[in-house]
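**Student:** Listed here are the chains, written in short residue letters.
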Amino acid sequence: DTGVSQDPRHKITKRGQNVTFRCDPISEHNRLYWYRQTLGQGPEFLTYFQNEAQLEKSRLLSDRFSAERPKGSFSTLEIQRTEQGDSAMYLCASSSRGGKAFFGQGTRLTVV
Amino acid sequence: DQQVKQNSPSLSVQEGRISILNCDYTNSMFDYFLWYKKYPAEGPTFLISISSIKDKNEDGRFTVFLNKSAKHLSLHIVPSQPGDSAVYFCAASAPGNNDMRFGAGTRLTVKP
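Heads up: the sequence lines are chains H and E, in that order. Using our numbering, read the first sequence as starting at 932 and increasing by one per residue. Using our numbering, read the second sequence as starting at 9 and increasing by one per residue.
Don't take each hint at face value.
[Stated by the list, open to error] SDA-like mimics (lysine to any residue), calculated; alpha carbons at most 20 Å apart, straight line: (1) E:K64 to E:I28; (2) E:K76 to E:Y40; (3) E:K13 to E:T53; (4) H:K1031 to E:Q22; (5) E:K119 to E:M37; (6) H:K1031 to E:F54; (7) H:K942 to E:P48; (8) H:K1031 to E:E50; (9) H:K1031 to E:I56; (10) H:K988 to E:N106; (11) H:K1031 to E:T71; (12) H:K988 to E:G104; (13) H:K1031 to E:K119; (14) H:K1031 to E:N65; (15) H:K1031 to H:L970; (16) H:K1031 to E:S101; (17) H:K1031 to E:M37; (18) H:K1031 to E:D39.
[Said to hold, decoys possible] Here chain H is said to cover these stretches of chain E; the calculated rule only asks that three of the stretch's residues, wherever they fall, bring their Cβ under 8 Å from a Cβ of chain H: (19) 18 to 32; (20) 63 to 75; (21) 79 to 91.
Derived by calculation from the structure, the hints in this document are not laboratory data. Glycine included, each C-beta is placed from N, C-alpha and C at the ideal position.
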């Protein structure tokens, strides 16, 4: 296990379509985070899991967004009825308790 | 609300000289600060961190300084190398919070 893995790396979708991204964290990390980054900005927190429990959600996470981590390992982030404003880099990170977060390479979403 | 601010969007230095990247924060509850480095098309990579109980942390060419009274931290890179050219993000977290707040980043260019 060499790090946090995200799939796909790039996704182009038409407005109104649903998309799902996957994140595989570092195996011994029980904490998993989703962030979103737009051009010229730093990463913005979306949601946090400790094991399988989703403990925190940002106000940025509208009801079109849902995240799961069913077995406390990999996580998925789904965006329903995509809008052009959803175009961004979606970053996943994981950490152990009290440790620094390690990021994946991100999924770049383009909504056309 | 921008709780972590990096007011310089870009910085250019000559190879071998010192690079100083600055970061200011507004939330006095932050007690852990991190610097991440990001190359294009990759996720942020952890560089160095500092706890609020310290005012300096050093790791090779990288040193982070924390001035709690001024709510300011800085990253010093010396000597700078062309491979250090990247976007540097400052991040901070508070006890009991599960998200890191990021600044908007500073693009460092080290010229040969």
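**Student:** Taking each numbered hint in turn, which are not upheld by the structure, reported in ascending numerical order?
**Tutor:** Numbers 4, 5, 13, 15, 19, 20 and 21 - these are the hints that the structure violates, sorted from lowest upward.
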